[in-house]
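Keeping their order, the protein sequence lines are chains G and Y. First residue of the first sequence: 1, per the numbering used here; consecutive thereafter. First residue of the second sequence: 1, per the numbering used here; consecutive thereafter.
Worth flagging that the hints you see were computed from the coordinates, not collected in a lab. The structure displayed is predicted, hence computed values, not measured ones. Treat the hints with caution; some may be incorrect.
Partial pick of chain G residues on the chain Y-facing surface, computed with a CB cut under 8 Å [said to hold, decoys possible]:
| hint | residue |
| --- | --- |
| 1 | A42 |
| 2 | G43 |
| 3 | G74 |
| 4 | F109 |
| 5 | A186 |
| 6 | P193 |
| 7 | A197 |
| 8 | G256 |
| 9 | V267 |
Stretch-level coverage of chain Y by chain G, calculated; a stretch enters the list once three of its residues show a Cβ under 8 Å from a Cβ in chain G [as the list claims (entries may be wrong)]:
| hint | region |
| --- | --- |
| 10 | 88–94 |
| 11 | 163–171 |
| 12 | 205–215 |
| 13 | 323–334 |
Every residue gets a Cβ at the ideal spot worked out from N, C-alpha and C, and that includes glycine.
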Amino acid sequence: MTTSNIVQTVNETLRTEMRRNGNVVLLGEDIGKDGGVFRATAGLQNEFGQQRVIDTPIAEEGIIGMAIGMAMNGLEPVVEIQFLDFIYPGFNQIVSELAKLRYRSGGHFPAHVVIRAPSGGGIRGGLYHSQSTEAYFTHTPGLFVATPSTPTDTMGLMRTAMRGSDPVMFLEPKRIYRTVKEELPADEEFTIPFGKAKVLKEGTGVTLVSWGAMVHTCKAAVELASKENVSVELIDMRTLMPFDIETILASVRKTGRVVIAHEATKVSGFGGEIAAQIAERAIDSLQAPIVRLGGFDAPFPYALENTYLPSPERILRAIRKAASY
Amino acid sequence: MLQVIRADGDFDPKVEPDLSHEDLLKMHRYMLTVRRLNEKGMSLQRQGRIGFFMESTGQEACQIGMSYTLTPIDWAFPSYRDPGTCLVRGVPLSALFDQMMGNSADEAKGRQMPVHWGFSKWKIVSLSSPIAAKLPHAVGVAYAAKFRGEKSVVLASLGEGATSQGEFHAAMNFAGVYKTPVVFFCENNQYAISLPTRRQTASESIAIKAEAYGFEGVQIDGNDILAVYKATKSAVDKARSGGGPSLIEAITYRIGGHSTSDDASVYRSAEEVELWKRRDPITRFTAYLMKKGIISDQENKKFIEQIDAEMSAVVKEREKIPPPAASTLFTDVYSEMPWHLREEAEEFMRDEGENGPQGEAYEKEPGSF
């Protein structure tokens, strides 16, 4: 049995999709000969050449902007932004251009660009190699946002992103790029639709919602809780736009108690949207206030990153708070 | 600075481009149409019949001359001051007015402010308001064409203000690195809203900036349509034959304000405007055509009358077209409507129906547009 980690899965998915579809091109900094700083594109330039695996100058607005133009003219670019933290020079291209092109052109110039970006902390990356800023993108109509937490989900969601026709922010959990391994589905038609969360563990006491690398921290917290006889239902969102509210509501109606844990800073984080949706649709089912847990509302630190990131213990305390209310 | 026709209409036959009398007359007619469209647009906005307008009076030679070099396989990224580019590409006048009126016949479904042109059939990509954002797109479109071995060329128009943006730098740099078939045409109309060119850049010209990116930049008289045509044709031919990108800086002048929300008298003198009115590109080209015996004063007047009549008829006809239906608020955000948007749409349509916010109550609300 061969297993793959997440970054190998990214590589394999890009490779197989590029073989399937000659219009797919990759662009990014150091993605060619170097194979990307995380090696996500290793070997692809050798197989597909410099015209399809394009090393770019260091300018995110140029990379994303050029990809948009390519998409207007029949190519299907997949952009690698070296770190999500470096995306901001290209923010105007994402928010003003990519997200709005289909709408502002009356549907005549949709731009199918997939933007991959390693996201999240825990790699000793300090302020600028650690942030989880998915909420900037969920707040922009026209973008989809995917946040896988396993190799299989990475493959299934990336195929959906690449075979679709909408712009996708594909946020890869870099902390667990190499730590989570599993056997991948062999079926080339295997995909995972957007907007379908996954219940990773069923439970009856508290609903715990998370995404990306934080899902694995939540798993540890669920173990700790079980030792205290608190049964937790763990939900991995998998995509934040569109987001699966039905799976959450079904769980909340059962447990009446909710904890939402994410790496991103808490205030205006996507957890706030989930909490508001629950309040709008299932407030009668709640038996305790919704507990949100995020990175602290301060910039991401270097030396104290493990203190900053929600730990299994902090999540456990949040679970206790919800369970004991 | 390249010039073919001098201010008085005199010309140097040695540098005249190769254009038939029929072409010259067509170019003239396009320029007159744009001039009239500017007058019409201003008047419609002042009467409250369209919400906003941006004049391009004084820049007709740029719009028409640069676009006249393109073929149907080429792409154009005009700026909001280039209605002439749309006309030359073949977009009917009616479609330009549909866009300005934001009516239900507009291909962008009335979603964009007036003069934000987009006509997919003519490979004119719907433009956005942030300056220079489209320039990297032009490079990407050109890359894709080159990738497939096609011979198409991309023409991207910008103002001198756009050259300060990071996206200008990125686009120029990428175009140079990948040697894409793209022509950047800068209409230096000397003001970016209120800021004069000398406060926009310390470079001795806009054209010289190209040198830093490894390709050619030329400065031309932007009020001389034949200079514009000649320089652009040469850049387009070069791009088509694999020679890579070019930057053209056309010196011109924005006779009107930045937009209908601007008062240019705050930041520039009436004398300066008068000086540039005397350098009018249409007056100059008319004098040239007359000197060459291609058009008479009588014929010219008849041309203008015809254009006037046609435009009035088009406006009258297009104003009858109803605004877009309320349901179009929710479409084209994604390829398929996600559930949360569908829920918003269904609730709204149930409560207010197709005519929703265009009802009388909304129009009477104080402070609304």
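Consistency of the hints with the structure:
The interface hint given for A42 of chain G is violated, since its Cβ lies 23 Å from the closest Cβ of chain Y, which is over the 8 Å cut-off. Taking 8 Å as the C-beta contact cut-off toward chain Y, the hint placing G43 of chain G at the interface is violated, the least distance being around 21 Å. Interface restraint check for G74 of chain G: the shortest CB-CB distance to chain Y comes to about 6 Å, inside 8 Å, so the restraint holds. At about 6 Å, the closest approach between the beta carbon of F109 of chain G and any beta carbon in chain Y falls short of 8 Å, and the interface hint on this residue holds.
Against a cut-off of 8 Å between C-beta atoms, the interface hint on A186 of chain G is violated, since the closest Cβ of chain Y lies about 28 Å away. Violation of the interface hint for P193 of chain G is found here, the shortest Cβ-Cβ separation to chain Y being roughly 11 Å, above the 8 Å cut-off. Taking 8 Å as the C-beta contact cut-off toward chain Y, the hint placing A197 of chain G at the interface is violated, the least distance being around 13 Å. Hint status for G256 of chain G relative to chain Y: violated, with the closest Cβ pair at about 24 Å, above 8 Å.
The beta carbon of V267 of chain G comes no nearer than 22 Å to any beta carbon in chain Y, farther than 8 Å, and the hint placing it at the interface is violated. Remark: the region 88–94 of chain Y is not confirmed as covered by chain G, as 0 of its residues place a Cβ nearer than 8 Å to a Cβ of that chain, below the required three. Judged by the Cβ-Cβ criterion of 8 Å, the region 163–171 of chain Y is covered by chain G as claimed, because 5 of its residues qualify and three suffice. For the region 205–215 of chain Y, the assignment as covered by chain G is violated, since 0 residues bring a beta-carbon within under 8 Å of that chain's beta-carbons and 3 are needed.
By the rule of at least three residues with a Cβ nearer than 8 Å to a Cβ of chain G, the coverage given for the region 323–334 of chain Y holds, with 4 such residues.
Checked against the numbered hints above, the structure violates hints 1, 2, 5, 6, 7, 8, 9, 10 and 12; every other hint is satisfied.
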